[in-house]
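**Student:** Next come the chains, spelled out residue by residue.
Protein chains: 2
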Amino acid sequence: MPRKPNTELRRQQIVDGLLRTIAAQGYTGATIQAIASASGLAPGLVHYHFRDKREILVTLVEQLGAYAASRFQARAAVAANARERLRAYIDARLAYGSDANPDAVAAWVMIGAEAVREPDVREIYQRAVRQEIALIRRLLRAYLLECGKRVHKLDAFAAGLLAFVEGVFVLASNARTLVPTGFAADMAAAWVERYVAAELPVAGHAVAGKKTVRQKSKGGQR
Amino acid sequence: MPRKPNTELRRQQIVDGLLRTIAAQGYTGATIQAIASASGLAPGLVHYHFRDKREILVTLVEQLGAYAASRFQARAAVAANARERLRAYIDARLAYGSDANPDAVAAWVMIGAEAVREPDVREIYQRAVRQEIALIRRLLRAYLLECGKRVHKLDAFAAGLLAFVEGVFVLASNARTLVPTGFAADMAAAWVERYVAAELPVAGHAVAGKKTVRQKSKGGQR
Numbered sequence: 001m002p003r004k005p006n007t008e009l010r011r012q013q014i015v016d017g018l019l020r021t022i023a024a025q026g027y028t029g030a031t032i033q034a035i036a037s038a039s040g041l042a043p044g045l046v047h048y049h050f051r052d053k054r055e056i057l058v059t060l061v062e063q064l065g066a067y068a069a070s071r072f073q074a075r076a077a078v079a080a081n082a083r084e085r086l087r088a089y090i091d092a093r094l095a096y097g098s099d100a101n102p103d104a105v106a107a108w109v110m111i112g113a114e115a116v117r118e119p120d121v122r123e124i125y126q127r128a129v130r131q132e133i134a135l136i137r138r139l140l141r142a143y144l145l146e147c148g149k150r151v152h153k154l155d156a157f158a159a160g161l162l163a164f165v166e167g168v169f170v171l172a173s174n175a176r177t178l179v180p181t182g183f184a185a186d187m188a189a190a191w192v193e194r195y196v197a198a199e200l201p202v203a204g205h206a207v208a209g210k211k212t213v214r215q216k217s218k219g220g221q222r
Numbered sequence: 001m002p003r004k005p006n007t008e009l010r011r012q013q014i015v016d017g018l019l020r021t022i023a024a025q026g027y028t029g030a031t032i033q034a035i036a037s038a039s040g041l042a043p044g045l046v047h048y049h050f051r052d053k054r055e056i057l058v059t060l061v062e063q064l065g066a067y068a069a070s071r072f073q074a075r076a077a078v079a080a081n082a083r084e085r086l087r088a089y090i091d092a093r094l095a096y097g098s099d100a101n102p103d104a105v106a107a108w109v110m111i112g113a114e115a116v117r118e119p120d121v122r123e124i125y126q127r128a129v130r131q132e133i134a135l136i137r138r139l140l141r142a143y144l145l146e147c148g149k150r151v152h153k154l155d156a157f158a159a160g161l162l163a164f165v166e167g168v169f170v171l172a173s174n175a176r177t178l179v180p181t182g183f184a185a186d187m188a189a190a191w192v193e194r195y196v197a198a199e200l201p202v203a204g205h206a207v208a209g210k211k212t213v214r215q216k217s218k219g220g221q222r
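Protein sequence lines correspond, in order, to chains A and C.
Under UniProt numbering, think of the first position of the first sequence as 1, with each following residue one higher.
Under UniProt numbering, think of the first position of the second sequence as 1, with each following residue one higher.
There may be inaccurate statements among the hints.
To be verified - Label-pair ranges, simulated between beta-carbon atoms:
(1) A/81 <-> C/37: 36 to 46 Å
(2) C/55 <-> A/100: 47 to 57 Å
(3) C/84 <-> A/33: 29 to 39 Å
(4) C/78 <-> A/79: 24 to 34 Å
(5) A/101 <-> C/151: 44 to 54 Å
(6) A/203 <-> C/154: 55 to 65 Å
(7) A/138 <-> C/12: 47 to 57 Å
(8) A/84 <-> C/12: 38 to 48 Å
(9) C/142 <-> A/77: 41 to 51 Å
(10) A/146 <-> C/176: 28 to 38 Å
(11) A/84 <-> C/78: 42 to 52 Å
These are calculated hints, taken from the structure and not from any lab test.
Quick caveat, the model's predicted, so the values are computed rather than measured.
Note that CB positions come from ideal geometry on N, CA and C, so glycine has one too.
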């Protein structure tokens with residue numbers, strides 16, 4: 001079996017070093033010197049493998065995205081329908097499991113805060129947020145269609161579900177003892193069920209064996 | 001009218017200086033020198049007015065808490081019942097208004113991220129989170145009782161509502177253009193309405209003029 005190229009190992013050491021540096025002192029204070037020191041490498045090697053700090057951050061965010069995607073795909077692979085695929089997403093983001101990684105969650109929270117002040121970080125963060133919203137929209141849309149419901153307020157609900165996930169990440173990282181253990185996934189799933197239940201059926205769509213007529217939703221409040 | 005004491009003005013300058021310093025480089029990198037420089041004061045004056053950096057942070061978090069409390073109280077003062085008081089809370093945290101302060105929201109997001117790595121910050125942050133959860137619990141409990149519903153899963157729902165608020169703060173601070181404008185308050189209010197609607201009524205409680213019997217909830221999913 002061929003050895004993993006040395007370049008890959010070095011690059012991974014440097015990305016891990018950036019993560020440790022952000023965790024210890026934030027992105028702004030993460031000089032190449034500090035990243036090198038946290039990686040156990042000489043600064044020259046960092047410069048050899050990455051053009052600049054921003055490129056290391058892009059790689060780190062890509063890795064966090066790949067980790068999040070693999071959690072989802074492992075669960076979605078055994079989902080039988082759109083409802084289960086949406087639940088697979090919720091569990092991938094919010095339920096614990098053998099593949100849970102609190103460090104990745106904490107890193108994401110810290111990168112989100114760095115994005116407030118650092119335009120470079122914000123651009124990279126927003127790219128990830130855009131992808132996540134697109135994924136949630138696809139999953140919600142498929143579930144609404146599967147239920148014979150009209151597709152409505154999808155952008156707002158996708159943003160709301162993402163906000164909930166981001167907020168759970170914040171509280172899980174800095175106030176874990178103050179919230180009930182494992183409350184988040186079931187709550188998000190129940191929220192989605194109620195949102196879909198409250199949506200209007202598509203006129204003439206067969207639900208549970210009989211035709212439904214267009215009727216006023218009762219679940220909303222305004 | 002007596003002038004505001006000079007001490008108060010100086011302390012406020014220093015607290016504002018800490019906020020600017022956190023915004024620019026994080027709490028870890030906020031030396032007394034940096035805070036003094038951001039306040040336009042000599043470092044000796046910072047040391048004169050505050051024992052240490054932690055004490056400045058405590059004051060800043062107290063001020064953010066007082067700002068959040070005043071937003072809520074202004075709206076709760078005109079609320080006629082528990083339902084409107086809960087809506088007043090949601091609007092105070094999530095709706096825009098003439099008293100909206102994006103800087104305070106961004107500061108809170110950054111302090112939340114600092115709390116992940118800094119035990120001092122975490123302790124102060126958690127104190128504020130504990131108070132916020134207690135407030136949400138009281139408001140939710142009063143609304144459930146007003147509706148004749150049993151008080152159930154209050155801790156989980158309070159944590160969920162707080163997570164949603166925190167997540168909206170994150171997205172409002174670093175990805176505002178990617179989420180629909182002003183989506184959050186109505187969504188949280190609808191979520192609360194559905195949660196309360198799905199709860200079991202207290203046996204024998206009169207709702208809308210007739211006695212209800214204990215029945216299985218249909219809205220939840222587990």
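**Student:** Tell me, which hint numbers fail for this structure?
**Tutor:** 1, 2, 3, 4, 5, 6 and 8
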